[in-house]
Amino acid sequence: MTETETKTTKLTGAQIFLECLKKEGVDKIFGYPGGVILSIYEALYNQSDITHYLVRHEQAAIHAAEGYARVTGKAGVALVTSGPGATNAITGIANAYYDGYPLVVFTGQVGVNQIGNDAFQEADIIGITRPCCKHNYLVKEVKDLSRIIKEAFHIATTGKPGPVVVDMPKDILSASTDFVWPDCVKLPGYNPNYNGHPKQISKALELLCEAERPVILAGGGIIASDAMAELKQLADKLNIPVTNTLMAKGAFPETDERSLGMLGMHGNFWANHAVTNCDVLFAIGTRFNDRITGCLKRFAKDAQIIHVDIDPCSINKNVKIDIPIIGDAKNVMKAMLEEFNSNNYEINYEVKQSWREQINEWKKRRPSIEQHSDKLSAITVIRKIYEFTKDMNPIFTTEVGQHQMWAAQIIKADKPRRFITSGGLGTMGFGFPAAMGACIGSPDKVVINIAGDGSIQMNIQELATCVQYKLPVINVIINNGYLGMVRQWQEKLFHKHYSQTKISGPDFVKVAEAYGAKGFRVTKEEEIIPVLQQAIECRQPVFIDFVVEECEMVYPWVLAGNPINKILMSNDCPIN
Amino acid sequence: MNNNNNNNNKNHVISVMVKDEAGIVSRVSGLFSGRGYSIESITAAQTSEKGYARITIETSGGDADVIEQITKQLNRLIPVLKVVDLGDVESIERELILCKVVAKDEDRSEILRIAEIFGAEIIDVTPRTYTLQAVGDERQIRSLIELLRPIGIRELVRSGKVGITRANQFSNTKSAE
Ligand SMILES: Cc1ncc(C[n+]2csc(CCOP(=O)(O)OP(=O)(O)O)c2C)c(N)n1
Ligand SMILES: [Mg+2]
Chain A
1 MTETETKTTK
11 LTGAQIFLEC
21 LKKEGVDKIF
31 GYPGGVILSI
41 YEALYNQSDI
51 THYLVRHEQA
61 AIHAAEGYAR
71 VTGKAGVALV
81 TSGPGATNAI
91 TGIANAYYDG
101 YPLVVFTGQV
111 GVNQIGNDAF
121 QEADIIGITR
131 PCCKHNYLVK
141 EVKDLSRIIK
151 EAFHIATTGK
161 PGPVVVDMPK
171 DILSASTDFV
181 WPDCVKLPGY
191 NPNYNGHPKQ
201 ISKALELLCE
211 AERPVILAGG
221 GIIASDAMAE
231 LKQLADKLNI
241 PVTNTLMAKG
251 AFPETDERSL
261 GMLGMHGNFW
271 ANHAVTNCDV
281 LFAIGTRFND
291 RITGCLKRFA
301 KDAQIIHVDI
311 DPCSINKNVK
321 IDIPIIGDAK
331 NVMKAMLEEF
341 NSNNYEINYE
351 VKQSWREQIN
361 EWKKRRPSIE
371 QHSDKLSAIT
381 VIRKIYEFTK
391 DMNPIFTTEV
401 GQHQMWAAQI
411 IKADKPRRFI
421 TSGGLGTMGF
431 GFPAAMGACI
441 GSPDKVVINI
451 AGDGSIQMNI
461 QELATCVQYK
471 LPVINVIINN
481 GYLGMVRQWQ
491 EKLFHKHYSQ
501 TKISGPDFVK
511 VAEAYGAKGF
521 RVTKEEEIIP
531 VLQQAIECRQ
541 PVFIDFVVEE
551 CEMVYPWVLA
561 GNPINKILMS
571 NDCPIN
Chain B
577 MNNNNNNNNK
587 NHVISVMVKD
597 EAGIVSRVSG
607 LFSGRGYSIE
617 SITAAQTSEK
627 GYARITIETS
637 GGDADVIEQI
647 TKQLNRLIPV
657 LKVVDLGDVE
667 SIERELILCK
677 VVAKDEDRSE
687 ILRIAEIFGA
697 EIIDVTPRTY
707 TLQAVGDERQ
717 IRSLIELLRP
727 IGIRELVRSG
737 KVGITRANQF
747 SNTKSAE
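For the record, the sequence lines run as chains A and B.
So for the first sequence, this note's numbering puts the first residue at 1; every next one is plus one.
So for the second sequence, this note's numbering puts the first residue at 577; every next one is plus one.
The set of hints was computed from the structure by calculation and includes no laboratory data.
The beta-carbon is built from N, C-alpha and C at its ideal position, and this holds for glycine as well.
Please note that a few of the clues may not be correct.
Stated by the list, open to error - Here are the simulated distance ranges between beta carbons:
id: 1; chain 1: A; residue 1: 494; chain 2: B; residue 2: 713; range: 49 to 57 Å
id: 2; chain 1: A; residue 1: 237; chain 2: B; residue 2: 621; range: 51 to 59 Å
id: 3; chain 1: B; residue 1: 615; chain 2: A; residue 2: 320; range: 25 to 33 Å
id: 4; chain 1: A; residue 1: 560; chain 2: B; residue 2: 733; range: 41 to 49 Å
id: 5; chain 1: B; residue 1: 726; chain 2: A; residue 2: 112; range: 48 to 56 Å
Said to hold, decoys possible - Result set (DSSO-like, lysine-lysine): computed pairs, CA atoms no more than 30 Å apart in a straight line:
id: 6; chain 1: B; residue 1: 595; chain 2: A; residue 2: 203
id: 7; chain 1: A; residue 1: 143; chain 2: B; residue 2: 586
id: 8; chain 1: B; residue 1: 648; chain 2: A; residue 2: 150
id: 9; chain 1: A; residue 1: 317; chain 2: B; residue 2: 658
id: 10; chain 1: A; residue 1: 317; chain 2: B; residue 2: 626
id: 11; chain 1: A; residue 1: 74; chain 2: A; residue 2: 23
id: 12; chain 1: A; residue 1: 301; chain 2: B; residue 2: 595
id: 13; chain 1: B; residue 1: 586; chain 2: A; residue 2: 186
id: 14; chain 1: A; residue 1: 150; chain 2: A; residue 2: 232
id: 15; chain 1: A; residue 1: 363; chain 2: A; residue 2: 232
id: 16; chain 1: A; residue 1: 199; chain 2: B; residue 2: 595
id: 17; chain 1: B; residue 1: 680; chain 2: A; residue 2: 186
id: 18; chain 1: A; residue 1: 301; chain 2: A; residue 2: 28
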């Protein structure tokens, strides 16, 4: 090791841990204490550089850290104890892994000499997290701790971001050593490729200029690499419509005239048709999840596909790519713009204009809104909330289910880091703790979690956290009395056998009040806005129980495995 | 595209240079099991460079796309330095076997004859068995086993394949364009 030694005072592992966080610029962490990490909690006591948020369940600590990471762009940090603390964290770690957000998760571990002996609260967390994190470390000597922490932050935040787990045995945290902060990381096996290959870039550009029916498919990678401006310029210069994945809401302004909005299983009719019929598909920072491709054989079947991704594994994994470009979305698009500006590329603007007219024809097809009863419609609730808060630049989070898809369809995201939802893993229980993290990362913003009555019960205990830290998260509970999305599948695909999907819940207003938060109930359309206004103004944690129609369905709907242009638009559409 | 769907593809031997750290073999083998890739054989040992190890994996049933994914997924692991699909480059592959066969009086000369043809050594002899040690490529090992089978194989232990490139081809493998 040839690091220059920036400081040499003997510190305990626990103190080194805190010093390293400070060096990384971390001032907020989410956690839950336990036996093996008590020395860290001792070090946290009586210091004010780092604020620790005590959650009520370790899963929530990780989701909150991810919510924080998503709004700030920085790595989220969580600290949990060994055994059950660490196993409770797994869902959160996996969630960040599949959506590609940077986290550093510290887990306590039994003492080095006890590992493998089935000691009290021992769990092989390195083995358990290996397939669901970007990398993990077991710290075996206290002198390695600072190097490992530095590497963990580096790995989490570079390349394709993701969670890194650092498992810290109890005795390492109490052992002392000189604190040395390495000034660089040396990871010879880790060299993400940031700059696309120039030849591939000009090939891609040529193809896009010549294309008659091009579509840009924007993925979450654009937000990760902060490439929104480049994407907008490219789309404008080349006159290409842009569709986005669920993870890319806000990567391209959804109210822009060139935006097709979201595609996929519950995407827009016109977006799915545009992608199916395009001749060149320019995909950026997406991994072609089956929720957007549908039947792979029929996906963009006549198109030449250009794919920019920083993760070589995404390329050719699901969809065959004609022009792969491995690199960072921002760098690659910047290079494309420079190339476009410096060489005389000709684009056939008129041809592309007639393609846009064709798309405008498709745009007329919208799912019909059905009025089932005199009960509130979930769609109306979400639409009114969106319209009322539009100019406040709020942050929305969601849980998972029908309410999530309606939120994704109705809320138009014009800026990145404003629509936070669990995409890859589809984790019920994500939205509320993520909203807490978002609130902590962006304290001046209105933060609204669009929740289902099922999902909210998965991490409802976090209301206590919100009350303790005065986090004004507004939980909009779309209370349809069902695990609605599952019920929807049962209705169409399982003969209306609603097996185990009718779900009861507590009186959400009373629950809120019992926790010391504010509770409201809305049953009529005219109450939506006044209640929402009160909820926003009170600056307290809030539950709003929207008692809505039970049978409302999410349309458009492409059944799993079908081509994405085979779209059900209403209940009357036959499924075959 | 992801699973071992295509049975007619030949086996691939993939050579992986890794940092020699705790848990590295399970990191690599876990990737195979987690993603549904097969492992026919796996060997791991230190190399001439201190701190590095080589893992050689023989995988079956993957078409070119699957092998491409395997190589990329391996490269994505942080402690993996280099990945070479030995099927892609000029290389030599070998396997060592230890084979204990029943040595009846009337078969003994036949066993010796087969051993001689394949350059195998008799490394142990008991009143009832001969143990052969042989080194060879896949074809040689397969024919040797086939010839010994009718005589009566008591026990067969195989090292799994190892391989080496002919020229200095263990570089430039992390770029994928
Ligand atoms: C942790 C977890 N368990 C199960 C599922 C499967 N699942 C997906 S949507 C859904 C129903 C969600 O119900 P609710 O939160 O009430 O939302 P709704 O669909 O009714 O709007 C379920 C059970 C999941 N996504 N996550
Ligand atoms: Mg529900």
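Checked hints:
no. : hint                      : verdict
1   : A:494 x B:713: 49 to 57 Å : 55 Å, holds
2   : A:237 x B:621: 51 to 59 Å : 55 Å, holds
3   : B:615 x A:320: 25 to 33 Å : 26 Å, holds
4   : A:560 x B:733: 41 to 49 Å : 47 Å, holds
5   : B:726 x A:112: 48 to 56 Å : 54 Å, holds
6   : B:595 x A:203             : 37 Å, violated
7   : A:143 x B:586             : 47 Å, violated
8   : B:648 x A:150             : 25 Å, holds
9   : A:317 x B:658             : 20 Å, holds
10  : A:317 x B:626             : 35 Å, violated
11  : A:74 x A:23               : 14 Å, holds
12  : A:301 x B:595             : 42 Å, violated
13  : B:586 x A:186             : 38 Å, violated
14  : A:150 x A:232             : 35 Å, violated
15  : A:363 x A:232             : 21 Å, holds
16  : A:199 x B:595             : 33 Å, violated
17  : B:680 x A:186             : 61 Å, violated
18  : A:301 x A:28              : 47 Å, violated
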